[in-house]
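When the letters of the sequence shown are read in order and numbered with numbering that gives the first Met the number 0, they come out as residues 0 to 639.
Hints in this document: simulated from the structure, not taken from any laboratory. Any given hint might turn out to be false.
[Said to hold, decoys possible] Now the in silico label distances, taken between C-beta atoms and shown as ranges: (1) Phe298 / Ala531: 35 to 45 Å; (2) Gly439 / Thr630: 26 to 36 Å; (3) Ala531 / Asp302: 18 to 28 Å; (4) Glu380 / Phe298: 18 to 28 Å; (5) Asp302 / Glu436: 49 to 59 Å; (6) Gly282 / Ser144: 42 to 52 Å; (7) Ser363 / Asp316: 20 to 30 Å.
Please read all numbers here as calculations on a predicted model, not as lab measurements. Cβ coordinates follow ideal geometry from the N, Cα and C atoms, glycine included.
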Amino acid sequence: MADTIHWCLQNDTLVREDVAPFSDTIEMAGKQIAAIVTYGTDAHGGLRLSRQLIYPQLHTIPRDTFGTLHCPHGEGERQTLLLDGAPIEEHVAAFTLGDGSVAVRSADRTGALTVRRRLFPCTDRPCYIEHTWVKNTGTRPVRLSADAIDTVVYHHGAAGVYADRVQALRLDRTLLPNETAETALVFSCVPFREALPQPDVFAEWAARQQFAARICDGTLRLRCDDPALAQFFRLAKLRAAESIFTTAAGPLHSPGGGPYYAAVWANDQVEYAAPFFPFLGYGTANTASLCACDLFSRFMSPDGLPIPSSVIDEGRDIWQGAGDRGDAAMVLYGASRLLLALGDRAAAEERFWMLAWAADFCLSRKTADGVIASDSDELEERLPSGDANLCTSCLTYGGLLSAADLATDLGHAQTAAAWRAAAEELRAGIDRCFAAEISGFPTYRYYDGNTVLRSWISIPLTVGIFGRAAGTVDALLSDRLFFGDGCLSAEGDVTYWDRSTLYAFRGILNAGSAERVYPYIQSYVQARLLGAHVPYAVEAWPEGDQRQLSAESALFCRVVTEGMFGLCPIGLRRLRLSPSVPPQLCTVTLERVHLCGAVFDLTLTRTADAHTAVLRQDGQPERRFTIPLGTAVEIALPEE
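Use the sequences and the hints to build the structure in full.
Okay, here's the thing in structure tokens:
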């Protein structure tokens, strides 16, 4: 739903000074903790603050998707600050977001003190910190005090007893005018009998800042004349990259959102996030993506059984409640894009067999109509998907082409030719089986028998099938599907999923309709960045209450990298560049792009009939390309 604007953008910081009673949530994560923080103001302007802390390595139920330890800490769990022996009555002045934390600025109602808080998870420890500074802004000395806190609650779980601890040191000092005192509330949880962490608050904040700065500003920086778009992209990188947890199976990227930790899904982790992570040059994210692929490869057996939809509990078990969702197609598509984008020959050779298995499995499910059958799709039977759906077939098509590109570079010419031929046959089957007029639009039906528009009709556009692009773009942007700031799952439905909206944006850009889709992207960014629930892409609404799942932020980043910039790896050292810059922006730049074993800056300028691309790579001469609108150029990249 379209949001009223509540936040403003000041440089790289979001500020909310409209503190009329409200409540919002934000998720933040480190390698051993996720924090879903609920913050806002009450009817009197006071601070509302509660936290749901999740510890991905601690399990309450073994081998259960939802068995991660959750520790709720409510409104009352706060260190009470006393001014001359009486509780301070705070009035919130502003909230700020943007540096990997939530910051709160408030004042004592007497005008004697200002209070600043910074809330953040630790980067490497199972700890969450609320750091508080109090300044005497009056004209006389005051006594500031607070009792020490040291409480432990014990939780029984799958591996024994866990100690959930809240700590703060005693505070008691006289503050002269303009003097400042500080305190910190530290939340942590570890197995009983292990030493409880004693974090250095300043060191932990420095580590969180360093991580956020590295991801937000040190790599893949978007420069453009739309500050909101640049900031949303900046923060989307952070949300995508922070939700990676240390587990028994190695670092695992996980959706988050409350239920989904220390586990991987074929769609979220392999199809959505894995093709994006190499662009960041963040080694932990690349390792996590390879770990996800390797976990799924354990279940690629000669008996032809489908792989599971998710591998849970740090790699110890699986979930397959919706049958075959087209998971092999998701892995074929995502893993082939990942391996190409990494440009790591050894990693590609080690996992080439996995792509071959996934390709064989998908093609073994080909129907008499020439498309790929699956029991369901990534919506897991929330909506009908028939015996064969558009999504599974298109992912197979795109995966076959990317796998063929990789096969060519690895010297498997015969296999590459076979996969390209299979892809062309599948494309013909997609047109034959799914091309249809739906609600007056010459587009696609999602499955045999489908009679209403579905948001996933964007899928063909994202894999380069443009035969029905005009009607599909019209349908996606029509009032039958586009509602408020997102695409409805189905015409006449009430639910939207950001993932399908973001696929639609990317597909429409790929189809060359940048001018038409850009106002919709702007509206979406304004709502997610500056509206009532900020600052990230969400899973769905009303289902899931707009949880800020991590992979959706990766999908938004791909709207920019693959949609607007048109970057697609087609070899270990080769990429295809098919730009689609909205004329409203004219010039856009991505700095420090990591792709196909190289690091480069790319600037695109749109003119009336072409894009001019300038590629700058350290140690190499500047390269310029003129790319007529609707066309592409292939670029070979020297190794670093």
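Against the structure, the hints:
A hinted range of 35 to 45 Å holds for the C-beta pair Phe298 and Ala531, which are about 41 Å apart. The hint said 26 to 36 Å for the Cβ distance between Gly439 and Thr630, and at roughly 31 Å that hint holds. Checked against the hint of 18 to 28 Å, the C-beta distance between Ala531 and Asp302 comes to roughly 50 Å, which is inconsistent with it. Between Glu380 and Phe298 the CB atoms are about 21 Å apart, so this pair conforms to the stated range of 18 to 28 Å.
The given range of 49 to 59 Å is broken by Asp302 and Glu436, whose C-beta atoms sit roughly 41 Å from each other. Checked against the hint of 42 to 52 Å, the pair Gly282 and Ser144 passes, with Cβ atoms roughly 46 Å apart. At roughly 26 Å, the beta carbons of Ser363 and Asp316 sit within the given window of 20 to 30 Å.
Violated hints for the displayed structure, listed by number in ascending order: 3 and 5.
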